[in-house]
Amino acid sequence: MKPMHKLLTAAALSLGLAGAAAAQDPVKVGFVYVGPIGDGGWTYEHNKGRLAVEEHFGDAVETVYQESVPEGADAERVLTQMALSGADLIFTTSFGYMDATVNVAKKFPDVKFEHATGYKRADNVSTYSARFYEGRAIQGHIAGKLTETNKIGYIGSFPIPEVVRGINASFLHARKANPEVEFSIVWAYTWFDPAKEADAAQALIEQGADVIMQHTDSTAPLAAAEKAGGVIGFGQASDMAEYKPEPRVSSIIDNWAPYYIDRVQAVIDGTWESQDVWHGIDEGMVEIGEITDAVPAEVREEALALKESIASGAYHPFTGPINKQDGSVWLAEGETADDGTLLGMDFYVEGITGDLPK
Amino acid sequence: MIRLEKRPEPSRFWTAVTPVLAVLTTMIAGGVLFAMLGKDPLESIRTIFWDPLFNAQFADFARPQLLVKAGPLILIALGLSLGFRAGIWNIGAEGQYIAGAICGAGVALAFYPLDSWIVFPLMVLAGALGGWAWGMIPALLKIRFGTNEILVSLMLVYVAEQFLASMSLGLLRNPEGHGFPGSRNLQEYPAAANTEIIAGTGMHWGVMTAFLAVIAAYVLLNRHILGFHIRLAGQSPRAARFAGVSPPLLVAFCLGTSGALAGLAGLFEVAGPAGQISIDFNVGYGFTAIIVAFLGRLHPVGILLAGLLMALTYIGGELAQFMLGLPAAAIQAFQGMLLFFLLGFDVFSNYRVRRVTSEVA
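As given, the protein sequences belong to chains A and B, one line each in that order.
Per this note's numbering, the very first residue in the first sequence carries number 1015; after that it's consecutive.
Per this note's numbering, the very first residue in the second sequence carries number 182; after that it's consecutive.
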C-alpha cells in the first residue's frame, strides 16, 4: 500500500510540475490574414477574434499575426516562419491559403493548423467556416423589398462556391420578396481593393442599381453608395456600423471569437483534434447586425422572422423547388440542399442572368 | 551659398557609394518610423536584416528562401536594365511575367500526365516565348506607330491579369479542383516541377538561370558590340545613330529580351514555389524588379546584390511583422524609402556640390 501511495504522490507531483511548466510557457497562437487588420470587414473580424483570445486567456497565450499575406508562395513561407517561431496553433484565414497550409502542416506535425473556408484536412489541419448564406437570405429579402428600380448590384470577389452560394441565396430570397428583381453581378477578382470595389459599386449604381450587395472585404462599396445617395447596402463580414442608418441597413457579422477561444482551449487541454466545422446563425458564428430604421417596420419583422426560422432549423435557405440557371431541376418541392452540393456550388439558380465565369 | 553644378559625366565614386548610403539612410529613417510606432528601432532593424541570415531559429529556413525570393527579382531586373540603359522603359514586366507563367504552365498541363524529360525544357521554352511575345507588343507598336512603350507595357499588365483570371477559371482550371479556380499543382507533377537542384538550398532552376543571366548580361554589356550600342543609345542617341545603331532593332531587342527574362521568371515561379496558375498568382515581382534594377545601378553584379538585399527586406520584414507586430504597411513604406533615398542621393552622382562665395554684384 505504502509504496503504491508513494508512487502516486510522485506521479501527482510530477504532473503538477509539468502543469506548472506548461502554465509558464504560454501557448503561442498565430493568425495569417489576407487583408490589413483595418479593412473594416473580413480580416478586421478575424483580428477581433484574436483579441478575444488574448483577453480570454490572458498570460496563458501569446498571439502573433501577419496581415496582407498574398495567397500563394508567400503564404507558405510566412506559415513556415510562424511555425519555426514556436507557434502551437495557427489560423489561416483565407481560402487561398489552402495548399500552403496543408504543405506546411506536413512539415510540422506537432503544430496544429486551422484553415478557414477550405476543404483539405489532415491530422493536424482542421477546417472551419460559417454558413454566410443564411445571412445572405435575410439580406436578399430586405433588398427585394426595398429596391425601387428592381435592380440589385452584387460585387463578387472570386467565383468560388462560397461566393456563388451567397449570390444564389440572396437572389432566391430577393425574388421571393419581389418577383421583378434583377441581379447585376460584377467580379472584382480581389478580396480587398477599396479602389476596385468602389469602381464596381459606382458602375452598378450608374446602371440603375439602388441596392448594392458585396462579397469583398472593404467598406468602399458602402462609401460609394453613400455618395450616390438613395442607394442602400449591407455590412459585409463586419457590422460596418459607421454607415448606419443608411446606406448600411443591416449586416452580416462573422463572429469567430467563440470558435477561436474554443480551439485554443482544446490545444491547452491537449484535446485538439482535426475536424470540419460549418456553423451558422444558430451557433452564433453568423450574426445579423441591427436592421436600421431605414427599413420599414413590416420588412424588419419579416426579416427577423426569417432569421428565427433559419436559426431554429425550421427553414433551410435552399428549399425546393429550385431550378438551376439552365432550367434543369436542382431541388424538388420541399427538398433541401445537402452540404456537399452547397460546398461545391458552381452554378447559378434559375433567373440570374449572365454566365458564371468558367 | 551652395550651388549644384552638373558633372560632365556621372561620378564613378558616387555611383558606387549611393546605394550603400541609401541603405544606411533607410535603416535610420526606418528606425525612426518604427520608433514612432512604438517598436524598438534597433530590434526592428536587426530582425529585418540580421535574423533571416543568422538567427539560429530561422536562418536555416530563411537563407534558402532568400534565393527563392531573389531569383525572379534578379532575372526580371537584368532584362529591364538593358532597356533602361538604352532609354527604353519597359514598365510592364509584371505582365510579361504572367504571360510566361501561363504559356509555361499551359504546356505542362497539355502534356499532363506524360512523364518525360522533354516536358520541362519545353515549358522553359514556352515561358520565354510567352514573355517575349508580350514584350514585343509594345516594341512593335513603338517601332511602327511611335507609341509610348511606358504606357503600352504598363497597360498590358492589366490585360495580362484579366487573362490570368480567365485561365484560372477556364482553360487551365484543375478538373479535379471541386470547381475552385486555379490549375493543377505542378509541384505534384514531377515531369513539370521546378524542384531544388540541391535539396534544402532554395536553389531551383530559376535561381540558377538568374545567376547565368548575370554572367551573360555582364559579358553582353562589356564585351559585345550590342552592349556597347545599348550604352551608347542611352548616353547619346544622336551619336548612336551615327555609329550605325538601328533604333527599331534596339527597341525590339531590349523589350523582347526583358520580356523573355520576365517570362522565364514567371515560368520558374509557377512550376516551383507558386505551383499553380491562380487568379492572384502575380505578387508584384515585375514592379519590385524596377527598384532592384536601379538599386543595382543597372549593373549585372549590382542587380545581383540588390536582388538579394530586396529579398532580405521581404523575408526580414515578414519576421518583423509577426515577431514584433509591425504593420505590413510600415514594411512597405520601409522598402519604398530605399528607392526614394537612392534617387535622392543620385544628385551627387550627377551633380557636384559647390560652395560659392557670394560676390556682390
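Hints listed in this document are in silico derivations from the structure and should not be mistaken for laboratory results.
Any given hint could turn out to be false.
Stated by the list, open to error - Taking lysine-lysine pairs in the DSBU-like style, the calculated list, with each CA pair at most 35 Å apart, reads:
#, chain 1, residue 1, chain 2, residue 2
1, A, K1210, A, K1338
2, A, K1258, A, K1134
3, B, K187, A, K1042
4, A, K1042, A, K1120
5, A, K1159, A, K1134
6, A, K1258, A, K1190
7, A, K1121, A, K1062
8, A, K1121, B, K220
9, B, K220, A, K1120
10, A, K1165, A, K1258
11, B, K220, A, K1062
12, A, K1134, A, K1062
13, A, K1120, A, K1134
14, A, K1210, B, K220
15, A, K1190, A, K1042
Small disclaimer: the values here were computed from a predicted structure and weren't measured.
Outcome of the hint check:
no.	hint	verdict
1	A:K1210 x A:K1338	holds, 30 Å
2	A:K1258 x A:K1134	violated, 38 Å
3	B:K187 x A:K1042	violated, 57 Å
4	A:K1042 x A:K1120	holds, 19 Å
5	A:K1159 x A:K1134	violated, 39 Å
6	A:K1258 x A:K1190	holds, 26 Å
7	A:K1121 x A:K1062	holds, 29 Å
8	A:K1121 x B:K220	holds, 32 Å
9	B:K220 x A:K1120	holds, 34 Å
10	A:K1165 x A:K1258	holds, 22 Å
11	B:K220 x A:K1062	holds, 22 Å
12	A:K1134 x A:K1062	holds, 25 Å
13	A:K1120 x A:K1134	holds, 12 Å
14	A:K1210 x B:K220	holds, 33 Å
15	A:K1190 x A:K1042	violated, 48 Å
When held up to the earlier numbered hints, the structure conflicts with 2, 3, 5, 15 and fits the remainder.
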